[in-house]
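Asker: Based on the hints, put chain U in the right spot on chain D.
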Amino acid sequence: MTNLEKYCNIYRKVFELDNNSDVTTLSFQGIPLWDSIGHMNLIAALEEAFDVQFEIDDIIDLSSFEKGKEILTKFGVDFN
Amino acid sequence: MINREELFKYKPFQLDKITKEKIFGNIITELSRYHYENCNKYKKICDALNNKNPLIPVRLFKEFELKSINSANIVKTMTSSGTSGQKVSKIFLDKETAAMQTKVLAAIMSDFTGGKRMPMLIIDTKAVLKDRNMFSARGAGILGFSMFGTDITYALDENMNLDIETVQKFYEKHKDENIFIFGFTYMIWEFFYKKLLSLNITLPKNNGFILHGGGWKKLIHQAVSNDEFKHGLSNTAGFDRVYNYYGMVEQTGSIFMECEHGRFHTSIYSDINILNYRDFSVNNIGEEGYIELISVIPKSYPGHILLSEDAGILLGEDDCPCGRLGKTFKIIGRIKEAEVRGCSDTFE
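Residue numbers (the working numbering), protein chains in the order written: chain D, 57 to 136; chain U, 4 to 351.
Hints were generated in silico from the structure; no laboratory data involved.
It cannot be assumed that every hint is accurate.
Straight line, CA to CA, 30 Å or less: simulated BS3-like cross-link-like pairs of lysine-lysine [stated by the list, open to error]:
no., chain 1, residue 1, chain 2, residue 2
1, U, Lys-133, D, Lys-62
2, U, Lys-176, D, Lys-69
3, U, Lys-129, D, Lys-62
4, U, Lys-47, D, Lys-123
5, U, Lys-133, U, Lys-93
6, U, Lys-176, D, Lys-130
7, U, Lys-25, U, Lys-14
8, D, Lys-130, U, Lys-14
9, D, Lys-125, U, Lys-93
Next comes chain U alone, as it looks inside the complex:
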């Protein structure tokens, strides 16, 4: 039996290595068994590799429709928003998996926000949600985080122009509260920060926070570092707390949050391994390699153990100065030979 309820007895960053291994390991083993029995393509992969817990490369979700449920039980299909001409990943959700995504995301976020809803400004356009049956990763991200917001306001119009009047009114209306700004990294930088600079507008200080993710690859091309990003937004948008998160549409919900010390954290719902480039063995702390992502959420599709196309370095385990337990890591970038692939930061 897949007993994920056990995890909800604990806080998201409460379990040390040994305690986590027991509970988390069991769930992953059971999920592998479940997918083996319910997804024919997954079974074939296991049998061909003679491996009960195979690594599934994320690009496989583009090539094949992988699901462990009957089509009749699909309530939502999520896609990675690939740029034009590229194949997109398709992720099929049933009620149970969709609910688990929400529950896990709420638990992780609450650890950082204190669990209170805050006035929310989304640096995006409402148009991204127009097709309600087919969510891009971008739409799914916005909706997923919306439950933490009140007075939800979109800062961009359909043409990605900043509606500065709306933004200024929003800051004024909520000046005595903590505001929550959410957006994809690239869009916050391009359409919010740069626009504020060009308008020569400095928004008033606020004690809330900015949460961003999903688009660091484009910024690496522009050579914008994480520090520069934080510094820029502190100076123009008035926020000293800027949190980055790492995650992918194939494991929506179990995101990796960056703490105050600039490290990405696994929670009790997720794990990572950094794999050696040559032989895929598990690397030690400090060695660069492929990022393997593990999550307890995917049950309607076999995405619980994934090989990403990102490179990273493990920084430590159960020893982050922020006090949260679990592994910490940093991301180096995209693996060079990996197919050029859109992420949630793409927009058409």
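Here chain D stands alone, though its shape is the one from the complex:
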């Protein structure tokens, strides 16, 4: 599994979406389950899966699927 697949699957799992659903357009408060509870669940799941620890600013900035990729790239996760 590539990092991108792993990354997508975390969104599907945390936000209870179907296996093939498009997650690339998701954003904070954009769907009911990505609320502040969902946000902390997402943070915990990403940290565990990619073995990283976000800074407080990263948690605030991680407001969309794309933004999350940018932040993880900063931590050395390769999405290419």
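Answerer: Coordinates of chain U only, in the frame set by chain D:
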């Protein structure tokens, strides 16, 4: 235009009276204008009082649904958890105001914690978050502070019993790190401190800190002073750093932190005035009165200038020995004739 970004160029306790007045004052004036144009009930209050910046009593949020946004843009509704039979305050948030709460809280907290996330033990039950559309002040507090935590662990079960095994494991697992304990004042005292005492357990020393707030009123009834609280927790839970904060659900985010010298501080995102009991004029240092709370956060609802039901005393401005600028104050208690009102420390 409401230019709150200007504030984020500074540290939360960096501005002296004169510099703050300029930036902060402008934002509050603009917020008043915004609410006047976007909230019909607020407009009526302004017009009736012939005042552009009226004081809104917190209880008005119980009587009326006050909002300055379309219902379609509400992403979250927060409530004060009133005890049964009481009306609760309803606070309506849109994306922008919710984001501002988080940003301001992070800035204030970082000044005290150094901005690093720490292993976090919450003295509460996870059950408090079960309804995700309707947050009590308690749930909102827990979630808001969770971003400062890692390995987030809840210390109480659904029946508010302390899971001592989990707590001891948590202390052991993180013994070489600074632990962050968070909870509401009353619950920390009742379900953590008292339980440790009755079990005759002393937890090992840790260099982290305990942050608590929201429940001092109940403890005043039990005659537990702030010093006693600190002393008790130092002896049983192993923490010498115990920080209190003051805030209310109507102004979530812009909390007032108690410093090492036991004073509550305004930040550059908030202000207070102590108002004379008789004529509501602004009191001088040392005089007791109503606490007026001002915050740059509330934009989706007109809660930027509030009259609380708490009494306090102004201790100083820009002169706290801790070095942080801004006003400092202490809280005396609830105003006697005020309606008995639940706070975030209530639990059903």
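Asker: Would you mind marking each hint as holding or not holding in the structure?
Answerer: Against the structure, the hints come out as follows:
1. Lys-133/U with Lys-62/D: Holds, because 28 Å separates the two Cα atoms, which is no more than 30 Å.
2. Lys-176/U with Lys-69/D: With Cα atoms ~28 Å apart, Lys-176/U and Lys-69/D stay inside 30 Å; holds.
3. Lys-129/U with Lys-62/D: Roughly 28 Å separates the two Cα atoms, so the pair holds.
4. Lys-47/U with Lys-123/D: Given pair Lys-47/U, Lys-123/D is violated - Cα atoms ~42 Å apart, limit 30 Å.
5. Lys-133/U with Lys-93/U: Since the Cα atoms of Lys-133/U and Lys-93/U sit roughly 18 Å apart, the hinted pair holds (cutoff 30 Å).
6. Lys-176/U with Lys-130/D: 29 Å, holds
7. Lys-25/U with Lys-14/U: Cα-Cα ~16 Å, so holds.
8. Lys-130/D with Lys-14/U: Judged against 30 Å, a Cα distance of about 25 Å means the pair holds.
9. Lys-125/D with Lys-93/U: 36 Å, violated
The structure does not agree with the numbered hints 4 and 9 stated previously, though it agrees with the rest.
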